[in-house]
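A.B. asks: So the chains spell out like this:
Protein chains: 2
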Amino acid sequence: MNTVCGHSIEEYITRLTDFHGNFAPGLFIGGFMVDIAKRHVQQYEIFDVICESPACLPDAIQMLTPCTIGNGWMKIVDTGRFAITLYDKVSGHGARVCLDAARLDRYPEIKNWFLRLTSKTEQDRDALIRQIIDAGDGIYSVQQVVVSPSLLRKHKHGGSVVLCASCGEAYPEEDGNVCLACQGMDIYR
Amino acid sequence: MNTVCGHSIEEYITRLTDFHGNFAPGLFIGGFMVDIAKRHVQQYEIFDVICESPACLPDAIQMLTPCTIGNGWMKIVDTGRFAITLYDKVSGHGARVCLDAARLDRYPEIKNWFLRLTSKTEQDRDALIRQIIDAGDGIYSVQQVVVSPSLLRKHKHGGSVVLCASCGEAYPEEDGNVCLACQGMDIYR
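Keeping their order, the protein sequence lines are chains S and W.
Heads up: the first sequence begins at 1 in our numbering, then just goes up one per residue.
Heads up: the second sequence begins at 1 in our numbering, then just goes up one per residue.
Honestly, I wouldn't trust all of these hints.
To be verified - Listed next, the in silico DSBU-like pairs over lysine-lysine satisfying Cα-Cα at most 30 Å (straight line):
1) K75(W) to K154(S)
2) K75(S) to K38(S)
3) K111(S) to K38(S)
4) K111(S) to K154(W)
5) K38(W) to K89(S)
6) K89(W) to K111(W)
7) K120(S) to K75(W)
8) K111(W) to K38(W)
9) K89(S) to K89(W)
10) K75(W) to K38(S)
11) K154(W) to K120(S)
12) K75(W) to K38(W)
13) K154(S) to K154(W)
14) K75(S) to K120(W)
15) K75(S) to K75(W)
16) K120(W) to K89(S)
17) K75(S) to K154(W)
18) K38(W) to K111(S)
19) K120(S) to K89(W)
20) K154(S) to K38(S)
21) K111(W) to K154(S)
As the list claims (entries may be wrong) - One-sided excerpt, in silico: chain W residues whose CB lies under 10 Å from chain S:
22) A135
23) A170
24) C179
FYI, nobody ran anything at the bench for these hints, they're computed from the structure.
Here a beta-carbon is modelled for each residue, glycine too, at the ideal position from N, C-alpha and C.
Just need the whole structure built from these sequences, with the hints factored in.
C.D. replies: As structure tokens, this is what we get:
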């Protein structure tokens, strides 16, 4: 694999570092995962994404697909697993791609990083990047999945917006008599 | 305000449409909110962000600050309110900016949109954009806040990663005997 979703490797590294604030191996690998997943959902007009990890992976998705956390086309469902699913937004049919620990024996730097067998300071960053590029598609598993109806995109309710009797700010009326923050969320001291 | 975080209005509209997939008034307004908030936290070397709405606003933050959902510097705390807080990542001191419903009487299109007084099809999109630009800083409120310690950035645990006895995938050992997904999350059919 010499490209990631149409970008050269160098270009992708520059973009991810710009967007994410620093280079992260998980984000670099995430680019390859998005590339593979996209090839498996070409038949769907519009795909949504589930990201099973809250760290790094969401940024690869946001950079390389139209799906963002703010437009709601990407959902983070934190299972602790390093996997993404691209799926048809209506039927839920799609492809799940994960980094497969069982395929990492030939790539010790990737294995050390993924399973946290070495500390960050012991990592050989250049070797890690080289192995990720060399490994190509060979370290990922792809499954055909159907996303649970509970996670499929809903039509927005468009319910009423009212002013909170406590803080005075606008909030969705369906949240209750006062806004959720005034119901006791621990946000500000 | 003729610029949004250093971008011309036209440039910002192009960028937000590219990133978000379509033009969204909330995302346009979000740009002004980020601009205002940034001016109030210039004294802090590194700021993190709390976004109180899961829709639109997170994308303004991700486009205009180094804070993303994937690097963990932006957190979404869904209070249903249209507000963002930029704060010093160590002390929690910062500035909270919200769109202030009490200041919208002079801007009927903004008020209609924000309080959902008109349907999407009844909205005059051009007038809405014009009013947002004309209003400048005048429709937002800024509060000095201190973010609750529970929301401040934690050092990552760096705990062990093990293979799930059920699905075989890597997951954080601290999640339990099997990964969270295999503990019964409703994700795939």
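A.B. asks: Are the Cα atoms of K154(S) and K154(W) separated by 30 Å or less?
C.D. replies: violated (33 Å)
A.B. asks: Given the proposed pairing of K75(W) with K154(S), does the C-alpha separation stay at or below 30 Å?
C.D. replies: holds (23 Å)
A.B. asks: Given the hinted pair K38(W) and K89(S), is their alpha-carbon gap at most 30 Å?
C.D. replies: The given pair, whose Cα atoms are some 36 Å apart, is violated under the 30 Å limit.
A.B. asks: What's the verdict on K75(W) and K38(S), does the C-alpha distance respect the 30 Å limit or exceed it?
C.D. replies: Given pair K75(W), K38(S) holds - Cα atoms ~27 Å apart, limit 30 Å.
A.B. asks: Close enough to count: is the Cβ of A170(W) nearer than 10 Å to one in chain S?
C.D. replies: holds (5 Å)
A.B. asks: Are the Cα positions of K75(S) and K120(W) separated by 30 Å at most?
C.D. replies: holds (25 Å)
A.B. asks: Taking 30 Å as the top limit, are the C-alpha atoms of K75(S) and K38(S) close enough?
C.D. replies: Judged against 30 Å, a Cα distance of about 17 Å means the pair holds.
A.B. asks: Below or equal to 30 Å on CA atoms is what counts here, so check K89(W) against K111(W).
C.D. replies: Measuring from Cα to Cα gives roughly 33 Å; hence the hint is violated.
A.B. asks: Does the interface hint hold: is C179(W) within less than 10 Å of chain S, judged Cβ to Cβ?
C.D. replies: Holds. Min distance 6 Å.
A.B. asks: Would you mind confirming whether the straight-line C-alpha gap from K120(S) to K75(W) stays at or under 30 Å?
C.D. replies: Between K120(S) and K75(W) the Cα gap is close to 25 Å, so the pair holds against 30 Å.
A.B. asks: Hinted pair, alpha-carbon criterion (30 Å max): K120(S), K89(W). Please report holds or violated.
C.D. replies: holds (22 Å)
A.B. asks: Sort out whether K38(S) lies within 30 Å of K154(S), counting only the CA atoms.
C.D. replies: holds (23 Å)
Of the numbered hints listed earlier, those contradicted by the structure are 5, 6, 9, 13, 18 and 22.
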